[in-house]
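There are 2 protein chains.
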Amino acid sequence: MQEPIVEFELTKEFRDRFQEALDKQDSVFIRETLTDIKPADITELLYEFTSEESKYVLNLLPVDQQAEIINDLDSDTRKKFLRIYEVDEIVILLNQLASDDAADILHELPVKEREQVLSALEPVLKSQVTELLRYEENVAGGLMAKELMKARFHWTVVQCIDEIRKQAENVSKFYTVYVVDDEDKLIGRVALQDLIISDARTIVGNICDKNIIAIQTYQESSEVAEIMKKYDLESVPVVNVHEHLVGRITIDDIVDVITEQAEEERQLMTGISEDIEEDDSVWRNTRARLPWLLIGIVGGLMNAKFMGLFEAELSRITAIAFFTPLIQATGGNVGIQSSSLVVQSLANPGYVDEGHWNRLVKVFFVALLNGFFLSVLVLGANIVLFREYQLSMVVSVALFSVVVFASFIGTITPLVLNKLGFNPALAAGPFITTLNDLLGLTIYFFIVHLLLI
Amino acid sequence: MQEPIVEFELTKEFRDRFQEALDKQDSVFIRETLTDIKPADITELLYEFTSEESKYVLNLLPVDQQAEIINDLDSDTRKKFLRIYEVDEIVILLNQLASDDAADILHELPVKEREQVLSALEPVLKSQVTELLRYEENVAGGLMAKELMKARFHWTVVQCIDEIRKQAENVSKFYTVYVVDDEDKLIGRVALQDLIISDARTIVGNICDKNIIAIQTYQESSEVAEIMKKYDLESVPVVNVHEHLVGRITIDDIVDVITEQAEEERQLMTGISEDIEEDDSVWRNTRARLPWLLIGIVGGLMNAKFMGLFEAELSRITAIAFFTPLIQATGGNVGIQSSSLVVQSLANPGYVDEGHWNRLVKVFFVALLNGFFLSVLVLGANIVLFREYQLSMVVSVALFSVVVFASFIGTITPLVLNKLGFNPALAAGPFITTLNDLLGLTIYFFIVHLLLI
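Residue numbers (our numbering), protein chains in the order written: chain A, 1 to 453; chain B, 1 to 453.
Check before you lean on any hint, since a few could be wrong.
Put simply, identical chains are the same to the list, so a pair is met inside one copy or across any two.
PhoX-like cross-link-like pairs, simulated, lysine-lysine; straight-line CA separation at most 20 Å [claimed, not checked]:
no.: 1; residue 1: K230; residue 2: K38
no.: 2; residue 1: K173; residue 2: K230
no.: 3; residue 1: K38; residue 2: K229
no.: 4; residue 1: K24; residue 2: K79
no.: 5; residue 1: K210; residue 2: K173
no.: 6; residue 1: K150; residue 2: K166
no.: 7; residue 1: K210; residue 2: K80
no.: 8; residue 1: K112; residue 2: K24
no.: 9; residue 1: K305; residue 2: K150
no.: 10; residue 1: K229; residue 2: K419
no.: 11; residue 1: K210; residue 2: K38
no.: 12; residue 1: K150; residue 2: K185
no.: 13; residue 1: K80; residue 2: K24
no.: 14; residue 1: K166; residue 2: K230
no.: 15; residue 1: K166; residue 2: K24
no.: 16; residue 1: K419; residue 2: K173
no.: 17; residue 1: K38; residue 2: K55
no.: 18; residue 1: K173; residue 2: K24
no.: 19; residue 1: K210; residue 2: K230
no.: 20; residue 1: K185; residue 2: K210
no.: 21; residue 1: K166; residue 2: K229
Hints were generated in silico from the structure; no laboratory data involved.
So here's chain A without its partners, still in its complex pose (with noise of 0.2 Å):
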């Protein structure tokens, strides 16, 4: 072992050094300091170049190797560096993955790429990704690699070691032998642990374990991640409608379908709309924010034209709008909390649903207490800060209303989403912001209107 911790750290300097080699063309340099570094680190070593000087860097590296790396890449990228790379060269890369790996590549290439790269690929690859590509990429299917070992239920451990020893080429990491029958019919598994201290002559169909979850293949992927997390399984078998065995999904997928749906629901919350970066151009993150700032601007002038139709009013008493940002600000506050609590709870399911009337009782409640906690709270100061006992009775009644509308708000629409199909955390997100904001102002002139003027 070198260091115990052999992660690289990726320095300016180092950057500027490898650089500096890229432009002499210094592939001596270059292939003795990458022999010391990790794939994983070489893929982010190449997020600093063009995709030009990552394809020569690459070139000079054993092909397994170059297609570790092109694999880790992220999607965005890995799409524009293979536009430089020609039909033979990516079918090369191709031949050195697994299954799945070499289908969500091709998903990307354009369809005339994918159908030339497709029929040159290996026969065995070529027909077990020809299978996966008719699958949607966020199902079970769509997640699953073929690679798996497998045995017949009446073979011996002895003669199950035997294929594994033929097979193990072909399956680079595996821990259990799922177990069918002549049919191919998945019947159980076996954990290798289990083969090792078993005798020679141990029939696999006694020894394995029958009683196991297997996932279908049109299964969505966020339910795999679910059901993966709650059984704390590191690999799942995927069978077809006919119960045969036709895959297997491994937790490392998982943690990645878990790392984005998070990722997913803080773009929806924070009002970005497209997946991008801080190191994306300036232009793609201008886009990718217009959307939803636009949304509040119109939200924005609604409320302008809303107060105007109160000009009388407030030119009569103008403290009414000094308490508007207040309002508007808790409402708003509240509708997102709200809202919060409700994706999370769809996140986690597994409670019996005590059924939708018995939740809004529950947030009434809890906006009620609320409500009257912060309308005592700034009855108080208005009055100390402002001395108007009328306006600051006004405030507090209206506060108090729009806490408890916009819990109801914000409790309703992720479930409404969810019950339509979308993203439930939208509704945590600008959206309901713009839409407590007018709320808000609504409820607080119509008190005013009615207890002021």
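Since the structure of chain A is already known, use the hints to place chain B on it.
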């Protein structure tokens, strides 16, 4: 195999039927029902019942299943639940668990009980757990389990397999044998599949992979998650400062870390200050929401006081007030978007950091573009809707400035929070919104004052 998916769905009918059986203490029905359900599903079922009912159910099951189910419970529920257990009952349960799980549960017990339970554990587990309890829960030492499969580098494959036979009882799931020297220093690892396909007389030291990543006991769990994700590892060895192998961390623990991080981030971003769920009590829900609402209220009162300074101007030109919601909402949205992007890039380290200066220059250009689009649009809309040319001009200039300033604040705040050791996601929440509300108002009235009055 039973059905391809033996996932259990907890229906209201099932729960009610089960409650009935509980009320009648119908142990036959309960035992029969539970034999078909996996422990992870029984865990979920228990959330529906009182602690006493749950204990009654558990006592009908084998002790290893009891332990597994209790281990699956969420920490809050378990803490409450174990209060009705005697010390010797807890000892029996913990003796069934892996060292890391036992240590986690001990962490949750009151100190006095913890000591009593610890001293009564089985000797091996006791010494393992005692060691684990020394570590904070959020570092590698607190995540790792002591149980692992270990081989000396000079052993043959057959010796190694013999040892696996002996140890297999204590280590529940493993895919890797760690190879150490005579002083217990980590040398490398052998995958089980390689052991299976190697000749029995091969020396383990010759087939082990020496270029592996090991984690130090003191590394933070988020860092461990980062490393395991990046290098696609399903388990990592943990070493102490002397490079002695002291434990292993498996990917299922890391999946939990990732999920918790995402949840914590969402709570910070949506102004919820305690780790609550929708089905916690009304009072707890109220309390968790109040702190951020209060910050919003204080901000709102400061807004009101600030607008009060311009009472004379407002009563002369009431329309000024119409546009505060527009200005503030846009400032809020821009701020949240900016901080969200910084949070995202802080969560994906690895790129060469271009330095804060480059980042700010880029943010500045994005803000200029967005600000330009929005203010031109609003100018047009305002002229059409309100026909107040001078005020429309002022609003657009203010809007432009607010977009630029809010971008700046939204970018700088998470960076500063991160530097100070806080979670930067805090900056994408109510805090930045409140700040931006005030900022927006100040800029708006400053420009009104400058250009209009």
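Hints and how they fare:
1. K230 with K38: Result: close only across copies, 10 Å inter versus 32 Å intra.
2. K173 with K230: between (23 Å within a copy, 17 Å between copies)
3. K38 with K229: Intra 29 Å, inter 14 Å, cutoff 20 Å: inter-copy only.
4. K24 with K79: Neither way: K24 and K79 sit 27 Å apart in one copy and 64 Å across, limit 20 Å.
5. K210 with K173: between (22 Å within a copy, 17 Å between copies)
6. K150 with K166: within (12 Å within a copy, 27 Å between copies)
7. K210 with K80: neither (46 Å within a copy, 35 Å between copies)
8. K112 with K24: neither (36 Å within a copy, 68 Å between copies)
9. K305 with K150: neither (69 Å within a copy, 73 Å between copies)
10. K229 with K419: neither (24 Å within a copy, 33 Å between copies)
11. K210 with K38: between (39 Å within a copy, 13 Å between copies)
12. K150 with K185: within (11 Å within a copy, 36 Å between copies)
13. K80 with K24: neither (24 Å within a copy, 67 Å between copies)
14. K166 with K230: Neither way: K166 and K230 sit 34 Å apart in one copy and 30 Å across, limit 20 Å.
15. K166 with K24: So K166 and K24 fail the 20 Å test inside a copy (46 Å) and across (58 Å) alike.
16. K419 with K173: Neither. Shortest intra-copy (40 Å) and inter-copy (40 Å) distances fail the 20 Å Cα cut-off.
17. K38 with K55: Answer is within; shortest intra-copy Cα gap is 17 Å, inter-copy 50 Å.
18. K173 with K24: For K173 and K24, the Cα distance exceeds 20 Å both inside one copy (39 Å) and across copies (51 Å).
19. K210 with K230: within (19 Å within a copy, 34 Å between copies)
20. K185 with K210: within (12 Å within a copy, 39 Å between copies)
21. K166 with K229: For K166 and K229, neither the intra-copy (32 Å) nor the inter-copy (30 Å) Cα distance is at most 20 Å.
Violated hints for the displayed structure, listed by number in ascending order: 4, 7, 8, 9, 10, 13, 14, 15, 16, 18, 21.
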